[in-house]
Amino acid sequence: MEPILALETMKEGHDGSGLGLTLKDLGGEFAKLKKYPVLSGICSRDGKKLLDDYMKRAGFRLKHEWTPKIAPKKGVVARDHYFARAYDYPASCANLPMKAKEDLLMNTRLALRCLGEKDESIFAFSFYPDVITLKEVGDPLEVAEFFGLDRDRISAKIVLAQGRQNTNYAIYLYACHPFFIQGFCSMTNGENTAFVPIREYLSGRGFPGYMGYNSDSEVFTHILHYTVRQLGYPLHYYKDVITPLKAAEIDRRPDAGAVRLMKQSLRSLCIDGPNMVIGFTPDGTCFMVQDSKKLRPGVVGGAKGKYALMSEECGVDRAIPERERAKDIFPMKYDMVIVSPDAQEVRVWNQQQG
Amino acid sequence: MEPAAGVRLDNNHKLSLREFPYIVRWRDDRCKRCGRCTAVCPVKAIEATVKVQRTVTSSGAVPTPTAVRTVTQVVEQVTDMERYCVGCGSCTLVCPNEAIEPEFNPQNKLLHYKNKGGDAYKRGGRRNDPALSTLDRLKFTRISMLTDPALDAGRHEFRVRSLLGRVLPPEELPLVMENGRLAVDKSSGKFIPPVREIFPIMIGSMSIGALSPPMWEGLAMGVAYLNEVENIPVVMCSGEGGMSPRLLRSKYLKYFIIQIASGYFGWDEIVRAIPHMVEDPAAIEIKYGQGAKPGDGGLLMAQKVLKLIAKIRGVPQFVDLASPPTHQTKYSIEEAVAKMIQSMSMAWGFRVPVYPKISGTKTAKAVLNNLARNPYAAGLCIDGEDGGTGAAYNVSMDKMGHPIASNLRECYLDLVKQGKQNELPLIAAGGIGKKGNLAANAAALIMLGASAVAIGKYIMQTAADCFGDEYNRCNLCNTGKCPRGITTQDPKLYRRLDSDKVAERVVEVFKSADVELRKIFAPMGRSTEIPIGMSDGLSIDDKAIAERLGISYAC
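Chains as they are written, first to last, in our numbering: chain A, 4 to 357; chain B, -3 to 551.
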């Protein structure tokens, strides 16, 4: 509930059109289910049957199901069934390497999405071990109360929460931040003006997960996934991909040769917009990164073990009021703030110095 | 009945002035008979002649009409189609009293008659179609408004740059991890194609020979200044016909794209200079076609092949220099294109991007797909039907070719389908700046998928005041009688042109285009990279075009 209350304090910065929550490193009833993939989504009564049939046919065995205790709220239209279900892998896949398992999980999620997208009978947001995603349209605080998050025992070490659904595209559940793909998750503040060329580039990579794009911000997550998982670059090169340096600046980097080539080859993924991106990677590293002109706000504050990465300082004040405020970090245009897993260490990586 | 012969009082054997594309309006009352207009007319369409006038006067209280015959000097337009007024307006420029001016005659029948002796009409210039092109109808409609702040074209940092050269897909980059950082794996032996960072508007191929020495020199000086002083990396293509031996050996060569076309003119000199080059050229362009005259080779008329041109091109003087329509030694796209690209790459040790130029055509995609599979192909230049030329048959110019907008767009979308849109840059040409909207046309093509655009006619018009337009004005480039001194090798004519002034204008044109591009990109929220393929930013008020280009319809 804490992040949502923080979100509430930043109300002036979002339009309250929806709430998206991605929880990672789960506690509570999921604490002992960490190795099992959790499917998060929403379905109708018909959709539930479709989903059950599909998962059964695919060989997934249901281990545990969590459903929010819905408290009806004015302004939030309740759907039939909200769920987070932990499954056991199909027997044939139990011993596959993690990469292959990730592909299986993603393809299953995409298949469910396709199955239920047309009549909105199934929404599948994430299917990955130790991750839960909740999304609904409406005022974030009301949606949180609607989900009963103020009463539930559900907890997580990493919580990504976003209160705006979409800037320029239709309000739709799949357009709601945060976006998730194979352990990578991000949410964004700002408009992505380079959306169409980026979408076309990602769609052409031949990777089935690069689809959807109901929101211009979804590409940020996919670029992250492409950079780190597909290309195998260390996380900080995400900054070089989305906001490439000038030629003269690259010349000063110790890895100039590689960065120069990357800039050319990944030219289509330059974001170019007023954006701030917050996200996490499968190992639990969280980060915040700005567009090349820092046209959007962003602040990181906290203490060892607990850090908040937020759009506005008032949100951090609400979440971690006891921190030493002088140590707050306001990343500038060349910076990438990287919080190590378990919030043990915060590092500011400067793009100019590499 | 026998036709009338001898003196024909009915003048039925003559054409009336209404048949001519331009009718010269001459004002008797203003003319002081200085003769400058008749002297300057490049086609001798007007001549000084005499007329007998009968004037009846009367004086006194009672009418006493008296007829007086006087001989008057007049300026008269000839009615010989071989000397038709081209409407250049040189006469108006030299007239001290504003007594003469050609006027366009939309009902003209030039094409009915301009084939005397079975010689089909040849001219220079561009397609005679003054209609608004698709490029000029495209609007930029996706403006960053209240949802997000727009950029400030005047204050924010902008990088209006593009890439020329084959770009490796990220999956193929030879990168390895070293101490937590990526590094280029030199031991991999992977070929990394050369790539140049350029300004997205380049000067297209116009040869020494087609252009006069001061014109070419002016362009070249302007380009060098833009690079060296203004930090705007504009590149310029030589056209077919070689380059000055000194330029080939100078440090400025890096700003020039050398063209090789089917006549290979000038390449003796270029090959001889290779061992002495201190810089690599920006690129090599292999010309397979030209938008203004698809299916036709280059053509430099004999009257333009004077001593300098003959020397640079390695040919005798005063002979027509016709490059064949195709490269004669090649027979198939797979073999022809690949071999030429390979050969040219090899000549410069694979350090120079080599790309072909074709005329806009429905078959462009076939060429593109061939290039997409060739790892040495550095791009593709597509020259649309509105491109210009120094000499061609009128029918080729007016009726042959493909508009650039949809041709470029379908090629780009084809690359998108293959995921190769960033690997093979597309250069669009033909009709950019037709109505003067250089930056807007360039930006529109970029948003349809071009990595860069090339201009020719526009820079001749803006930098050297070329008279030519889409009403067949002037278009004398093929005759060597360019009244502005742009496309002539006659020193008496080209001394009218000051190469320094041309260079100055080139710099002004590109500096203002740079500003205008920012003014377009800023409200659309683009500043770090040019918006290649950002088709959601474009709209047009025609549903069919919108559908064809895959953009939105706005009205």
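Please note: incorrect hints may appear among the correct ones.
Cross-link-like lysine-lysine pairs, in silico, DSBU-like; alpha carbons within 30 Å at most [what the hints assert, rightly or not]:
(1) A:Lys297 x B:Lys250
(2) A:Lys249 x B:Lys186
(3) A:Lys35 x A:Lys77
(4) A:Lys249 x B:Lys250
(5) A:Lys249 x A:Lys160
(6) A:Lys38 x A:Lys59
(7) B:Lys477 x A:Lys249
Here are the computed distance ranges between Cβ atoms for each label pair [claimed, not checked]:
(8) B:Glu543 x A:Glu120: 20 to 30 Å
(9) A:Pro324 x B:Arg544: 53 to 63 Å
(10) B:Arg544 x A:Gly31: 34 to 44 Å
(11) B:Lys515 x A:Pro100: 49 to 59 Å
(12) B:Gln414 x A:Gly31: 17 to 27 Å
(13) B:Glu94 x A:Asp254: 36 to 46 Å
(14) B:Val391 x A:Ile174: 23 to 33 Å
Partial pick of chain A residues on the chain B-facing surface, computed with a CB cut under 7 Å [claimed, not checked]:
(15) Thr196
(16) Pro200
(17) Glu203
(18) Gly207
(19) Arg208
(20) Leu264
(21) Leu269
(22) Pro277
Keep in mind the hints are simulated off the structure, nothing from the lab. Note that CB positions come from ideal geometry on N, CA and C, so glycine has one too.
Okay, the hints, checked on the actual structure:
In summary, the hint linking A:Lys297 to B:Lys250 is not supported, as the alpha carbons are separated by about 35 Å, beyond the 30 Å threshold. Restraint check for A:Lys249 and B:Lys186: the C-alpha separation of about 25 Å stays at or below 30 Å, so the hint holds. With a CA separation close to 35 Å, the supplied pair A:Lys35 and A:Lys77 exceeds the 30 Å bound. At most 30 Å may separate the alpha-carbon atoms for a hinted pair to count; A:Lys249 and B:Lys250 meet this at roughly 20 Å.
A hinted pair counts as satisfied when its Cα atoms are at most 30 Å apart, and A:Lys249 with A:Lys160 does not qualify at roughly 38 Å. Taken as a hint, the A:Lys38 and A:Lys59 pair is honoured in the structure, with Cα atoms around 19 Å apart against an allowance of 30 Å. For the proposed pair B:Lys477 and A:Lys249, the alpha carbon gap of about 47 Å is over 30 Å, so the pair is violated. Distance hint for B:Glu543 and A:Glu120: a CB-CB separation of about 26 Å, consistent with the stated range 20 to 30 Å.
Remark: the range hint 53 to 63 Å for A:Pro324 to B:Arg544 is upheld by a beta-carbon distance near 59 Å. Our hint of 34 to 44 Å for B:Arg544 and A:Gly31 is violated, since their Cβ atoms are close to 56 Å apart. Our hint of 49 to 59 Å for B:Lys515 and A:Pro100 holds, since their Cβ atoms are close to 53 Å apart. Range check, B:Gln414 to A:Gly31: about 47 Å between beta-carbon atoms, so the 17 to 27 Å window is missed.
For B:Glu94 and A:Asp254, the Cβ-Cβ distance of about 59 Å falls outside the hinted range of 36 to 46 Å, so the restraint is violated. Our hint of 23 to 33 Å for B:Val391 and A:Ile174 is violated, since their Cβ atoms are close to 57 Å apart. Because the smallest distance between the Cβ of A:Thr196 and any Cβ of chain B comes to about 3 Å, under 7 Å, the interface hint for this residue holds. Residue-level restraint check for A:Pro200 holds (minimum Cβ-Cβ distance to chain B is 4 Å; threshold 7 Å).
About 5 Å separates the beta-carbon of A:Glu203 from the nearest beta-carbon of chain B, less than 7 Å, and the hint is met. A cut of 7 Å between beta carbons decides the hint on A:Gly207: the least distance to chain B is about 3 Å, and the hint holds. At about 6 Å, the closest approach between the beta carbon of A:Arg208 and any beta carbon in chain B falls short of 7 Å, and the interface hint on this residue holds. Restraint check, A:Leu264 versus chain B: the minimum CB separation of about 5 Å is within 7 Å; hint holds.
The beta carbon of A:Leu269 is positioned within 7 Å of a beta carbon in chain B (closest approach about 5 Å), and the interface hint is therefore held. Because the smallest distance between the Cβ of A:Pro277 and any Cβ of chain B comes to about 5 Å, under 7 Å, the interface hint for this residue holds.
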